[in-house]
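Asker: Protein chains in written order, with the working numbering: chain A, 219 to 292; chain B, 2 to 858.
Think of the hints as simulated: they come from the structure by calculation, not from any bench. Warning: the hint list may mix true and false statements.
To be verified - Some chain B residues judged to face chain A by a derived CB distance under 8 Å, without partners named: (1) Val446; (2) Asn728; (3) Ser826; (4) Ala830; (5) Ser831; (6) Gly841.
Backbone N, C-alpha and C fix where the C-beta goes; we use that ideal spot for every residue, glycine too.
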Amino acid sequence: MAAPRELIPEHELVSESEVKKLVKDYNIPLEKFPKMVASDPQAKKLNAQPGQLVKIKRHDPTGKYTYYRYVVQG
Amino acid sequence: MQAEGIDHIKFTTISPDTIRKLSVAKLIVPDTYNEDGYPIDGGLVDQRLGVIDPGLKCKTCGGRAKTCPGHFGHIELVRSVIHPEFAKTIYLLLQSTCSTCHRLLLTESQVKDIGAVVKTFVTAEEETEPTTVDITTLTSTISEQDSKMLLVKKLKSVKKCPHCEAAQPKLKLERPTFFYVNGNKIKPDEIRDWLSKIPDNDLRLYGIDPTATRPEWFVLTTLLVPPVNVRPSITLESGERSEDDLTHKLVDIMRINQRLEQDIDAGAPQIIIDDLWELLQYQVTTYFNNETPGIPVARHRSTRPLKTLAQRLKGKEGRLRYNLSGKRVNFSARTVISSDASLTIDQVGIPRRIAENLTLPIYVTLWNIDEAKKYLESKEYPSVINVILPGGIRKRVTDVTRDELLKELKPGQILERQLIDGDLALFNRQPTLHRISIMAHTVKVLPGRTMRLHVSVAYPYNADFDGDEMNLHVPQSLEAQAESRYLMQPHDQVLSPRDGRPIMFIEADELIGSYELTKEDKYFSKDDACRMLAAVGVYELPKAGKNGKYSGRSIFSMILPKDLNLEAKSSDGKVVIKNGELIEGIVDEKLVGMSGGALILKIFENYGAKATRDFLLNITKLALMAAAAMGMTVSVKDYYNPDALNVERAKIADDVARKAESILESYKQGKLERLPGYTRKETLELLVMAQLEEARRIAEAALKKNVTVENKAYLVAKTRARGNILNFVQISMLLGQQSIRGRRPSRGFAGRVIPYFKKNDKSPGAKGFIRSSFFDGLLPKEFYMHAMGSRDSAMTKSLVTAVGGYLQRRLINAMQDFYVGKDLSVRDASGALVQTLYGGDGVDPTKEKMAQEQKAK
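All chains, please: the whole structure from these sequences, using the hints.
Answerer: What follows is the structure in structure tokens.
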């Protein structure tokens with residue numbers, strides 16, 4: 219966790235029910251979401267396991283939006 | 002791109018048996034044609050391999066040159082050789098198997114141990130299954146690369162075989178194909194023997210499917226020979242035959258193979274046989290890849306390197322990128338471009354000769370059959386070239402066939418008609434860096450030999466008219482025509498996808514014309530006003546001013562929409578347009594030019610694409626008329642300094658140089674304060690450089706003070722119509738400090754740039770400070786410094802374009818099939834998510850105004 223915390227957008231685990239909804243909304247299987255490795259510092263912090271989905275709340279200068287990453291082995 | 006209907010693809014290696022079965026001929030003669038010019042049986046152009054000469058029949062399929070697809074033959078190698086592309090794989094297998102019993106250097110329990118490592122790869126659903134993992138499922142869950150790496154890492158260091166307890170030798174691979182056991186070279190035969198003894202089950206652990214591939218096949222005993230169609234020979238005008246490089250290479254292989262066989266049969270000494278064997282290995286290696294690292298390149302008699310198998314496929318000129326990814330097209334044209342101020346941005350002027358050659362299909366229906374008939378009847382220019390009947394048969398229209406084709410004309414046929422005014426064609430200039438490098442223009446057939454375009458679309462194409470050529474493509478299908486019409490016309494591309502500002506605007510002569518026309522207190526006679534307005538198709542006059550003349554602003558207002566209201570900033574101040582009347586301000590670059598284009602933007606937003614197109618045409622014509630009416634000439638006189646300015650100029654250079662010298666002096670005395678993070682030497686250079694670069698700025702100020710309103714060179718630079726102030730300063734005042742990689746020139750001779758100077762001379766003049774102007778001419782020493790600076794910037798520029806071009810190619814290849822979905826998410830071709838919201842904000846700059854208005858509602 220080398221980067222200053224204010225530079226890291228907020229990460230949180232997505233609940234199972236919400237995962238189901240997202241899979242339906244985006245109309246793709248979980249594997250087709252962008253990926254992050256389980257050894258990523260933020261994944262470790264959340265104790266995210268492979269197969270789970272992490273929500274990232276990004277607040278960029280141009281706008282706010284949510285991003286998702288599917289945790290994979292690594 | 003998405004593959005459809007392919008379940009899976011499996012690549013395997015070919016076995017010697019398969020090669021023999023595939024082969025129609027065993028080749029035994031290392032030659033091609035005999036003295037009569039007839040193919041030798043058993044030679045490399047054996048007629049069983051297919052025929053390419055017209056008149057001959059294939060001995061395998063009986064086909065002629067056009068119908069015979071060609072057939073493979075084979076060569077039996079007397080001694081086996083390593084397949085060079087598999088050398089690494091062979092090395093890997095040898096390292097991880099026992100040299101004595103040839104089994105994998107793992108105990109049964111260790112195999113399970115690897116399973117444990119692999120188990121972590123297994124996903125959550127599979128985890129509930131029993132922990133004993135079958136070897137076959139195991140290899141399928143991890144990639145081939147991973148399993149290989151795992152094994153070799155573990156097994157390279159194993160000293161003793163766990164099965165037969167034999168000590169393991171040290172192995173070495175000398176690129177590309179030589180193997181050593183404990184420092185002794187081993188022959189391909191022995192390697193083949195070793196590999197053939199590795200048990201099937203052990204192979205599965207490597208990700209090798211033993212039912213499809215056996216590792217001993219990596220060592221070649223037979224060589225597959227491609228049919229002659231793959232390596233055609235060329236008959237030169239002199240009647241001499243020239244064989245393909247591959248044929249040459251195969252002749253070499255066969256020749257060595259034959260010599261090796263003879264020597265073995267004759268019982269030659271082992272050294273001679275070994276030498277020939279290695280030579281055979283070399284020939285086979287270069288046959289596959291003539292750029293194999295570590296061995297000399299095989300050459301043609303003319304010392305040209307041979308183009309063998311790998312070279313045919315590889316790189317920009319290889320089969321993949323040149324022939325498969327890059328296709329040539331029909332219905333296209335290319336010629337030099339030139340400008341035409343009377344065309345709209347949507348039009349393109351096409352030479353008559355091109356229009357006569359390009360065609361557009363008319364799909365004949367009940368409703369257009371009369372029109373179709375008209376073109377078919379015509380004997381000259383807009384006429385039909387081909388008629389395509391429903392079966393796809395193409396018939397050329399000639400004076401002989403015309404009457405018959407006219408009689409048979411009916412719906413369902415397709416007529417290929419010559420290109421006429423109003424057709425759509427795609428216009429393109431390379432490098433095609435962005436989407437506005439290809440746009441759909443309306444054809445206008447013109448006399449001459451060049452393609453003509455409006456000057457304002459030259460900028461998006463990055464074209465100029467100093468000999469640039471552009472390409473034209475005529476969309477053939479109705480879908481393509483519709484897409485071109487509704488998406489690709491220049492008037493729909495006026496706003497830049499980068500920042501939403503106009504990228505089609507006016508420049509140069511038009512810009513200075515517009516500037517001068519809309520200056521305060523600019524009045525034109527009735528004659529001039531009429532002439533200018535008539536050029537843009539306006540046949541009424543604005544209200545005359547008090548002096549009975551017409552102001553430039555009132556003339557300009559005539560091409561504005563009648564209800565346009567705009568307040569904007571120009572470079573000189575405020576611009577006010579009220580009810581289509583230019584009340585105040587100068588219409589300059591900020592309004593209709595490169596930096597901003599506020600007026601063009603406003604017209605695009607309020608009056609639409611087509612109004613913008615018309616406005617661009619009108620302002621071009623009007624401004625050119627204005628510039629012509631007033632005269633706009635830059636002459637040497639503009640760059641000539643009065644004596645007083647020359648005196649001031651000398652003083653400026655002296656001042657700056659003296660200040661720089663004083664910094665140098667304080668450095669020499671050790672008084673110079675070090676800047677944070679720099680050494681004393683660096684500090685000196687930094688300060689001196691900054692001081693000397695001041696010269697240009699001061700000179701610019703002095704020049705500006707001196708310049709008169711009549712100075713058109715200055716005016717043109719100031720309005721950014723052509724050139725910039727720095728150009729002016731360098732012509733009239735002084736060149737200033739030259740720099741190499743952002744520093745003063747320093748290299749060349751010991752302690753100086755040219756031997757003219759004393760060693761370690763750090764004075765301004767010795768380090769590239771030029772006091773002369775281009776008007777004066779440069780001193781030899783100055784010229785030298787200037788040349789150094791020029792070369793440096795030329796090198797940097799070419800490097801930057803090369804790097805940038807490659808970066809662009811990589812990005813395009815990576816992103817070519819991304820799209821923005823209905824929910825504004827970015828997906829790739831498989832639908833996989835790339836971004837949840839396009840660009841993180843979902844903004845399309847060209848549609849920003851619309852989005853804001855929608856929000857306001």
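Asker: Quick check on Ser831/B please, does its C-beta sit within 8 Å of some C-beta on chain A?
Answerer: 7 Å, holds
Asker: Restraint: Ser826/B near chain A, CB-CB cut 8 Å. Satisfied or not?
Answerer: This hint holds: Ser826/B lies near chain A, its Cβ roughly 7 Å from the closest one there, short of 8 Å.
Asker: Taking the least C-beta to C-beta distance, is Ala830/B closer than 8 Å to chain A?
Answerer: This interface hint is violated because 11 Å lies over the 8 Å limit.
Asker: Under 8 Å is the threshold here; is the Cβ of Asn728/B close enough to any Cβ of chain A for the hint to stand?
Answerer: At 37 Å from the nearest chain A Cβ, Asn728/B fails the 8 Å test, so the hint is violated.
Asker: Mind checking the CB of Val446/B against every CB in chain A and telling me if the closest is under 8 Å?
Answerer: Result: violated, 47 Å to nearest chain A Cβ.
Asker: Taking the least C-beta to C-beta distance, is Gly841/B closer than 8 Å to chain A?
Answerer: 5 Å, holds
Going down the numbered hints, you'll see the structure goes against 1, 2 and 4, while the others check out.
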